[in-house]
Amino acid sequence: MSEAALPMRLALVGSPNCGKTALFNLLTGGRQKVANYAGVTVERKEGRFSTPSGRHYLLLDLPGAYSLDAASPDEIITRKVCLGEFPGESVPDLIVCVADATNLRLHLRFVLEVRKLGRPMVLALNMSDAARRRGIRIDVDKLQARLGIPVVETVAVRHGGAAELTRCLEREVPAAAVAEDSSDLHSQVRELIAEAVSMPRRTAEIDDAIDRIVLHPALGLVLLAAIMFLIFQAVFSWAEPLMEAIEIGVAHLGTWVGGALTSMPMLQSLVVDGIFAGIGSVLVFLPQILILFLFILALEESGYLPRAAFLLDRLMLGAGLTGRSFIPLLSSFACAIPGIMATRSIQDPRDRLTTILIAPLMTCSARLPVYALLIAAFIPQRTVAGIFNLQGVVLFSLYVAGIVSALAVAWVIKLLRKDKSEHALLMELPSYRVPHVRDIAIGLWERANIFLKRVGGIILSLTIILWFLSTFPAPPAGATEPAINYSFAGQLGHLLHLVFAPLGFNWQICIALVPGLAAREVAVSSLATVYALSGHEEGLQAIVASQWTLATALSLLAWYVFAPMCISTLATVRRETNSWRQVWIMAVYLFALAYVASLLTYQIARVLGS
Amino acid sequence: MRLSELDQGLSAVVQEVEDLTEKDPISRRLRDYGFVSGEPVRLVGRGPIGADPLLVQVGYTRFALRRNEAARIIVGEPA
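Quick mapping for you: the protein sequence lines, in order, are chains A and B.
For the first sequence, counting from 1, position 577 maps to 577 in my numbering; every step adds exactly one.
Take any residue in the second sequence, count from 1 to its spot, add 1000: that is its number in my numbering.
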């Protein structure tokens, strides 16, 4: 078979956080997520590229591993692919082993371990620019001679930074590596470094200086709290003008399109009451979601997250978790699905399961529209204590409520488990990096895309379905109430109302809860559609403010702190735990918590007179 | 002396990593990280609550280790 028909299969392997995925993106033009902590990539990813001379390659990006003696689920994938044990996949033709040039003492050991496999292999010394800046000098020729494999320098974050690697691939296919099986790997690494590497200091001066502040027992905690608080303030204060612009734009467009359809009242109702009211009410939250992500992405790239995990580990240990759970849980603020997948980097299966079970309690960005709507409708726009935006404070406390209940649930799981054995932390703290504007821009763009696809896909479809269910059957002749009361959705809403009345939910809310199970934002768009069909002309926020009591609003907020998660989250839990039992446990406990929390909130708020 | 007993800011040299159980996975991982005999280590800092976890430098890398993890590492005076 010709070479063009069968591309050469390359696999990127290496220690965690050495830049494999950045290199993958550079070579293939891919947009896989990169960040500055160990364990970003938890799956095997595939891409293609060709060299200037026209040769084609299939490139596998694999999770980082400290050792082939795999300890965590993501490392097992890497080991299996390297050994050719991964189902449906042959052994890669060439292993591109990546090592961080500033962290060779740790990474070379894994390189030597991979070399022992006796496969054709190339070593890429990545971040060679950072190494040079720190005055680290690496004698590549000597390293190459001692290792017996080609060694190239790469800068994965720079355009053209993989040129040496592609040139090396074009030259020849390296022969299978031969390992001298003499002393242990660690002493071999020491010898290699003594011969080929000169390093002025063991760590970057700047890292030491930043860590002295960031990890300071008192200052560090204050800083962490300040950063978290700033994020939630920004979500409310910065997004305001953008949201207004979107709102006005959608309203104008709706009026204009509606005006063109006056001859067809049914279609006009579908477009104006269904699509524009529904979609517009969700679309308006795009700026807030992007601001939240701006912060999350910047934190991920900077290397701060593992520091936060360090500061919080003891607290999380008390709740039966580990500092390692921090990063998956923080990702869950974006969406529980990547958060649950990120738990693959947790070695201990018990810690991993607990983290998965509580991940949906972290307030995901799909809940933000619900919170933002209710807060804007019921909490006055006011400055408290001179500097804080009251709405921001309330939002912050809702997030805190989620976190506190997550810790409480984890603690209960720990009690139920009656397990006294040891859980591990063992976490690498990477060098700090200034976030790349380009990476963040790509991340935000991807996020906006995902959100808009949701709006145009599932949210639009559900909105249209809901419009039909809320419009048909038409009311009988001589009906006195609004038409929606006689529709399928209206009847369902009234039926559910029997269950949810003690929580203070009206039948309109009950209708919105059902599609909200598919995607939480839809609860908002559904409310907009239901109210629009009931003949209300104002914006949803104004309707809610005038129609609901404060007790009902608080109760719905409490419901959404715990809200039984969306269906895609349940599907992810099923896949990651391979067990329906965990899915049921999760769904039932969240539903029960949500019901009880809303019941208490509503009843207490009523007694207090709101 | 154990690494967990080292004073903040001080350096030492690893003598060995103890296995608490048979094929202790935590000890194995510590050795992968570079905690092996003859390797210099430094206790850089401590966590805010109960002085746990510990921030330990080995090779060119910093790791967060809980006290009971660091207690597996026997260290001696720097040579």
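No lab work stands behind these hints, which were simulated from the structure alone.
Some clues are possibly wrong.
[To be verified] These stretches of chain A come out as covered by chain B in the derived footprint (C-beta under 8 angstroms, 3 or more residues):
(1) 18–27
(2) 59–70
(3) 274–284
(4) 313–322
(5) 421–430
Quick reminder that beta carbons are idealized off the backbone N, C-alpha and C, glycines included.
> Taking a Cβ-Cβ distance under 8 angstroms as contact, does the segment 18–27 of chain A have three or more residues in contact with chain B?
Replying inline: Contact hint for the segment 18–27 of chain A vs chain B: violated, 0 residues under 8 angstroms.
> Residue count check for the segment 59–70 of chain A against chain B: does it reach three with CB-CB under 8 angstroms?
Replying inline: Check passed, 3 qualifying residues.
> Are there three or more residues in the segment 274–284 of chain A whose C-beta lies within less than 8 angstroms of some C-beta in chain B?
Replying inline: violated (count 0)
> Are three or more residues of the segment 313–322 of chain A within 8 angstroms, CB to CB, of chain B?
Replying inline: holds (count 4)
>> Taking 8 angstroms as the Cβ threshold, is the statement that the segment 421–430 of chain A is covered by chain B upheld or broken by the three-residue rule?
In response: holds (count 7)
Going down the numbered hints, you'll see the structure goes against 1, 3, while the others check out.
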